[in-house]
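Please construct the entire structure, taking both the sequences and the accompanying hints into account.
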Amino acid sequence: MATQATTRRRAIALLVLTSLGLATLSLRDSPAIGAVRGAFLVVFRPFEGAVRVVTRPVSNAVHGIRDYGDVLAENEVLRERVAQQEGAAVAAAASVRLAQELLALNGLPTLAGIGTVTAQAIGESPGNFAQTIEINQGSESGIKPGMPVLNAAGLIGKVVRASQGRAVVMLITDPDFALAVKIVRQPQVGTTTTLPAERATASTVVAVEGEQPADGAPATTTTTTTTTTTIAGFTPSVTTLPQVPRGPPSITVPAFGQLAVRETGVVEGRGPGRLPTVRFVSNDPRLGDVRVGTPIVTAGGSRSLAPPDVVVGTVTRVVARSGTAGPILEVEPVADLSNLSFLRVLLYRPVTERPAP
Amino acid sequence: MKLLVRLLAGRWARLVLVGLLAAALQSTVATDLRPFGVAAQPALLVAVAIGVARGPADGLLGGLVVGLVADLAFGDVVGLGAVGLGIAGAIAGMLLLPLRDPPWWTRIVAMAAASAAGEAIHPVLKTLVGLDGWVHPRVATVAVIVAGLHLAVAPMALVVGRWASSTAAEGSG
Numbered sequence: 001m002a003t004q005a006t007t008r009r010r011a012i013a014l015l016v017l018t019s020l021g022l023a024t025l026s027l028r029d030s031p032a033i034g035a036v037r038g039a040f041l042v043v044f045r046p047f048e049g050a051v052r053v054v055t056r057p058v059s060n061a062v063h064g065i066r067d068y069g070d071v072l073a074e075n076e077v078l079r080e081r082v083a084q085q086e087g088a089a090v091a092a093a094a095s096v097r098l099a100q101e102l103l104a105l106n107g108l109p110t111l112a113g114i115g116t117v118t119a120q121a122i123g124e125s126p127g128n129f130a131q132t133i134e135i136n137q138g139s140e141s142g143i144k145p146g147m148p149v150l151n152a153a154g155l156i157g158k159v160v161r162a163s164q165g166r167a168v169v170m171l172i173t174d175p176d177f178a179l180a181v182k183i184v185r186q187p188q189v190g191t192t193t194t195l196p197a198e199r200a201t202a203s204t205v206v207a208v209e210g211e212q213p214a215d216g217a218p219a220t221t222t223t224t225t226t227t228t229t230t231i232a233g234f235t236p237s238v239t240t241l242p243q244v245p246r247g248p249p250s251i252t253v254p255a256f257g258q259l260a261v262r263e264t265g266v267v268e269g270r271g272p273g274r275l276p277t278v279r280f281v282s283n284d285p286r287l288g289d290v291r292v293g294t295p296i297v298t299a300g301g302s303r304s305l306a307p308p309d310v311v312v313g314t315v316t317r318v319v320a321r322s323g324t325a326g327p328i329l330e331v332e333p334v335a336d337l338s339n340l341s342f343l344r345v346l347l348y349r350p351v352t353e354r355p356a357p
Numbered sequence: 001m002k003l004l005v006r007l008l009a010g011r012w013a014r015l016v017l018v019g020l021l022a023a024a025l026q027s028t029v030a031t032d033l034r035p036f037g038v039a040a041q042p043a044l045l046v047a048v049a050i051g052v053a054r055g056p057a058d059g060l061l062g063g064l065v066v067g068l069v070a071d072l073a074f075g076d077v078v079g080l081g082a083v084g085l086g087i088a089g090a091i092a093g094m095l096l097l098p099l100r101d102p103p104w105w106t107r108i109v110a111m112a113a114a115s116a117a118g119e120a121i122h123p124v125l126k127t128l129v130g131l132d133g134w135v136h137p138r139v140a141t142v143a144v145i146v147a148g149l150h151l152a153v154a155p156m157a158l159v160v161g162r163w164a165s166s167t168a169a170e171g172s173g
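Here the protein sequences come in this chain order: A and B.
Each step along the first sequence adds one to the number in this note's numbering, with nothing skipped, and position 197 is 197.
Each step along the second sequence adds one to the number in this note's numbering, with nothing skipped, and position 62 is 62.
Possibly wrong hints are sitting among the right ones.
Unchecked claim - Distance ranges between label pairs, derived from CB positions:
#1 A/G323 to B/P137: 21 to 31 Å
#2 A/A99 to B/G37: 34 to 44 Å
#3 B/L97 to A/F342: 45 to 55 Å
#4 B/V144 to A/G323: 36 to 46 Å
#5 B/W163 to A/V42: 22 to 32 Å
#6 A/R317 to B/H136: 14 to 24 Å
#7 A/R291 to B/V124: 30 to 40 Å
What the hints assert, rightly or not - Quick look at which bits of chain A chain B covers, simulated, 3 or more residues with Cβ under 8 Å:
#8 10 to 19
#9 45 to 55
#10 116 to 130
#11 137 to 149
#12 263 to 277
These aren't lab readings, by the way, just hints derived from the structure by calculation.
Keep in mind it's a predicted model, so treat the numbers as computed, not measured.
Ideal Cβ placement from N, Cα and C applies to all residues, glycine included.
Structure (structure tokens):
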């Protein structure tokens, strides 16, 4: 009996030390942990597959009972939305192609030049304290930790582990997620300068909201609603030639104040049920306001794990702070993170992490 | 067949096997169903079942083994979940120490309470190693829901926990 207790004590001590050692190595991203996990998963995957086959009817039955009504209602809404967006999608695709061609012509990086791997989300995090999903593509497809993952709407997260045939993606809502982003600020006043052949003239074209006219009369607000049912400027079966410019040639140059100012910050996750925030934004009124609805895109750069200009989300709340501390922005991701299916992994590595030729 | 029987007679082999089964259930059906948005934790349930069935020392031992298996399968920090499950198993065993001959329902309640404690420990451990952001009021909600889910399947888990942690003599006898 005493021998058994001694053996048990030794086993506990050994296991505790092993666990703490493994945790230390794991936190330091040791390759040894990856190798051990890879070997373990070779045994575990078939086991898991068998359990999945056995338990799938149970899951399907529960989902059938619990979610049938919701799925029907969602299907109706989605049909309506698809019909609305079919026309807009054609125009948007043309604009995206045009923008990519312009960026390529100017030697600027575009997503079109980056290889992608299409994957499917096959599971959520088994724990309640991790915001991750599992996808059905892994290291054999060239996926490596750190690569950004998108769906049709925008950025959803980054790869944190890749093994044979599987990879784990950390969502942008995970508290461990952080990424440099750009905030496209809105200009306050804009001036368009037209430069004819000989002389230049300037005129203010953007009115300041709430500004009183010079004669003291109260300002009036006119709201105009335009409903577009087809693609703007497009009439089926009609070819329209562009207008021939008349008069002396001129170049229209928007003034600095009219251009959107792009400023960098860091988007950080805050866990389930809470929106990610953007911090480290400058509190400089000269740069313009950050308003609700302002788009947030990735910043890119030689050290960033994501290429520039991938859409992340829009600002839903601006929390102003006193002094020189800039505002904190709450961001609504454009991607619906609760309903992920087909995803794209960008095979992108920043310049600093590429192997030397 | 004889080899399999002899292998299963060993306590360690049974613990690993039950750990594999619990991890597989956790990454499949438990993750898929998520009542109230919270996933049940079969690996944690097995750890507390061993603690209730055999006492704090065996609960700690069983939790460490099952936790290591679960960590290797899907844990974000390998070893951290094992420590958490070990503590939960020990807590489960300690809850019944004051009772000389605990009735069956106290074992079930102890398993649910230890499950809640084990689930709440995990974010605390993450914070201790520098992974901030998980300790907030939601942890209490998650712990209560996990306790409720485990309460429903605790009797079955108790049988599994008792078998997994039994010694060779008990297993054959």
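Each hint tested on the structure:
1. Against the hinted window of 21 to 31 Å, the Cβ-Cβ separation of A/G323 and B/P137 comes to about 29 Å, which satisfies the hint.
2. At about 39 Å, the beta-carbon gap between A/A99 and B/G37 stays in the expected band of 34 to 44 Å.
3. In this structure the hint that B/L97 and A/F342 lie 45 to 55 Å apart at CB holds, the actual value being about 53 Å.
4. As the Cβ distance of B/V144 to A/G323 is approximately 40 Å, the hint placing it in 36 to 46 Å holds.
5. Here the CB-CB span from B/W163 to A/V42 is close to 27 Å, well matched to the stated 22 to 32 Å.
6. Against the hinted window of 14 to 24 Å, the Cβ-Cβ separation of A/R317 and B/H136 comes to about 18 Å, which satisfies the hint.
7. The hinted range of 30 to 40 Å is satisfied by A/R291 and B/V124, whose Cβ atoms lie roughly 39 Å apart.
8. Requiring three or more residues with a Cβ within less than 8 Å of a Cβ of chain B, the coverage given for the stretch 10 to 19 of chain A holds, as 6 such residues are present.
9. Interface restraint, the stretch 45 to 55 of chain A with chain B: holds (6 residues with C-beta to C-beta distance below 8 Å; minimum three).
10. With a threshold of 8 Å between beta carbons, the proposed coverage of the stretch 116 to 130 of chain A by chain B holds, since 8 of its residues qualify and at least three are required.
11. Note: the stretch 137 to 149 of chain A has 0 residues with beta-carbon separation from chain B under 8 Å; the three-residue rule is not met and the coverage is violated.
12. Figure legend: the stretch 263 to 277 of chain A, annotated as covered by chain B; annotation consistent (5 residues with Cβ-Cβ distances under 8 Å, at least 3 required).
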